[in-house]
Every structure is written in structure tokens, then in C-alpha cells.
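> Go ahead and model the full structure; you've got the sequences and the hints to work with.
Read off the chains here:
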Amino acid sequence: MVIKVNGENLNLEKSLNIAELLMAVKAAQPEYVTVQLNGEFVERDDFPKVFVNDGDEIEFLYFMGGGQRD
Amino acid sequence: MIKLANEQLERYSRQIILSQVGGKGQKKILSSKVLIIGTGGLGSPAAMYLAAAGVGHIGLVDYDTVDLSNLQRQIIHQTCDVGRAKIESGRETINALNPDVQVHTYDEQVTAANIRDIIGDLDYDFIIDGTDNFPAKFLINDACVLMRKPFSHAGIIRFQGQTITYVPGESPCYRCVFNEPPPKDAVPTCRQAGVLGVMGGVIGTIQATEALKYILGVGELLTGYLLTYDALTMTFRKIRVPHNRRCKICGEQPTITELVDYEQPTCDFKR
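In order, the protein sequence lines correspond to chains A and B. For my numbering, add 12 to where a residue sits in the first sequence, where the first one is 1. For my numbering, add 641 to where a residue sits in the second sequence, where the first one is 1.
Some hints here could point you the wrong way.
Calculated Cβ distances over 10 Å to all of chain A for the following chain B residues [claimed, not checked]:
#1 674
#2 720
#3 881
#4 894
If we take Cβ atoms under 7 Å as the criterion, some of the chain A residues that face chain B in the derived model are [stated by the list, open to error]:
#5 19
#6 42
#7 44
#8 76
Derived from the structure by calculation, the hints contain no laboratory data. Built from N, CA and C at the ideal position, the CB exists for glycine as well.
Shown next as C-alpha cells:
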């Protein structure tokens, strides 16, 4: 099956849950990543329960600081 | 309403000629008030472009002094400013660029105790978050949501940046996307991870663009969209983000009704 992760196609041999998918793509600091599945937020507690399906679009959104001390 | 002087007609001619601006829009810009929190990598270019465009009142909030290592990206400050207060250096640069602009300075760190007074000081129209730490970013978000003020959030690190615009009543807030600040030092900062100087230029200039579009009431803002930028692949992505009904401040059952300080400045400790 093919899913889209942050706009790029990803081939998966089998369906993974969000927690497994974060590991599979080697997401930096998965404990702080915000996840959207097909445009809707996925609660962190649900990561092990929610499985991705063929054609799903997933966005991993990361914290970004930067700028300057105010 | 104010009448544009001949010198102003000439100074702003390249944007007055735009149908979306015109004399009417230029007058809006000249009477607008924008608060820039943090005069660093993001705040420097934002302040300079807003000053050049003729934003009538620019507020600068910063308690820091200029360090040599700032100059690689914080272009509002010059080599001769090292050691000076950033708000003073920022004021000087803006005044030299455009005498139409009145600069208001706040020599302090935004806190739960003072941010309402700073935003309320001139009843600013639009706020730009140019800070580098998550406690400040969440505080600015929460203050803007509670005070019903539009603002631009942004962050930069390494070769990446992201930005989102909040307009009260219309769009999800920063907290809708990022529930709460990460623990202290959990997420790498520019000081720890580095940043290419131009990242602040690209993203800070987008923040200034959003402020001008909001003031003019033209175009589509980055409301409900997180714009991400990867300079290495030169990829911009506009990711739709929905309202989060569980958002702690603007969700269905908000639990945050007062401002709080998160006590973990995450970046750029002075040695």
C-alpha cells in the first residue's frame, strides 16, 4: 500500500499504526510530533490504535523555535 | 484622514501603484500599529520591511543586547551595535530607514504579568512573534487568543522554517496544532542546532507580508494553514490545519482562561 507522509509517497508492506509509522520514518523526537491523518488531528493516546490505510495522507508537524529571545 | 505628502507619494510609489494598495491602502499602512516581539532573526527583517512599507507605529519588545554572534542573521543590528540594547539599535535602524515610522520600545521580556499591557499599550493591530523559545511562543498565542488579536507565529532552525497566522474567530491557533510547550531543552534550539541566517529573512519577511495583507485586507492569509519551508530541497508546503476542538484555549471546553508563564526558557542562554 502507498500512503503520503508530509507530501511524499511511502510504500508500506502492511498497515502500521501511527506509533509504528513514526518509528518507521525515523521521526525526530516522536514524543513531540503533532500528527494529522487525512486532515484531522490524531490524539497522542490514540497513536497505537490508529492504523493507516492505502491512500492515507499523514502530516507530521514538528516544533520549531528560532527567532530571538524576546 | 491624513493626506499623503509628495515625499510619501514618491517613497511609497511602487506599492501605491498596486491596485490592492493605492493611496487608500497606503494611508491604512501609515496609520497601522504592529508589535514585534523579539528583534532577532525573524523580528529584524520583519521590522525593516514593515518600516520601509510605512507602518506608522512599530513596537519592539526585547530585553537583550546585541551579541557578535547575532549579526549573521539579525540584520537590523550592525557591528557597531554590539553590546547595545537591541531595542535601541532597532529603533535607530528604523528611524534611519523611514522617519514616517514611530518606534515604541519595551525593554522587557514578555511575561504573563506584562504582555497584556504591552499589546494594549497602543492597542496594536497585529502582533509578530519573533521569539525563539516556546514559553514565549505559547504566551503570545494565549495572550492574542484571550485579547482577540491577530498574530503571526514563526519558527526557524537549521535550514527549515514554519509560520502560521492567527485571526480571532476565523482560524485555529498555535495551540490547536501544538498542544503545549515541550519540556525544557527537549527540542533543539538555534543555538544548539544552528540556523542559516537567511532562514529568518525568508520566514520573517513572510510574517511582515502577512501583517501588511491583514492591514490592507487583501489576499488570503496563512490562517488555517501551516507553511513549512525546507531550504535544502527548496520546498514550501502549505499544510491545512483544522480547529482542534480539544484546544486548551480556543477549543470547546477551554481550560486556559488566564495567562501563565512556563518556566523553561529553552534557548540561547548567555554564557
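> Each hint should be assessed against the structure and marked as holding or not.
Against the structure, the hints come out as follows:
In this structure residue 674 (chain B) is separated from chain A by more than 10 Å, as the shortest Cβ-Cβ distance comes to about 18 Å. Every C-beta of chain A lies more than 10 Å from that of residue 720 (chain B), the closest at about 18 Å, which supports listing it as non-interface. With 10 Å as the threshold on Cβ separation, the claim that residue 881 (chain B) sits away from chain A is violated: the shortest Cβ distance comes to roughly 6 Å. With a closest Cβ-Cβ approach of about 15 Å to chain A, residue 894 (chain B) is found to remain outside the 10 Å limit, as its non-interface label requires.
Taken as an interface hint, residue 19 (chain A) checks out: its beta carbon lies about 6 Å from the nearest beta carbon of chain B, inside 7 Å. A distance limit of 7 Å between C-beta atoms decides the matter here; for residue 42 (chain A) the minimum to chain B is near 12 Å, and the interface restraint is violated. Look at residue 44 (chain A): its Cβ gets to within about 5 Å of chain B, closer than 7 Å, so that hint holds up. The interface hint given for residue 76 (chain A) is met, as the beta carbon of that residue sits about 3 Å from the closest beta carbon of chain B, less than 7 Å.
Figure legend: structure checked against the earlier numbered hints; hints not met, in rising order: 3 and 6.
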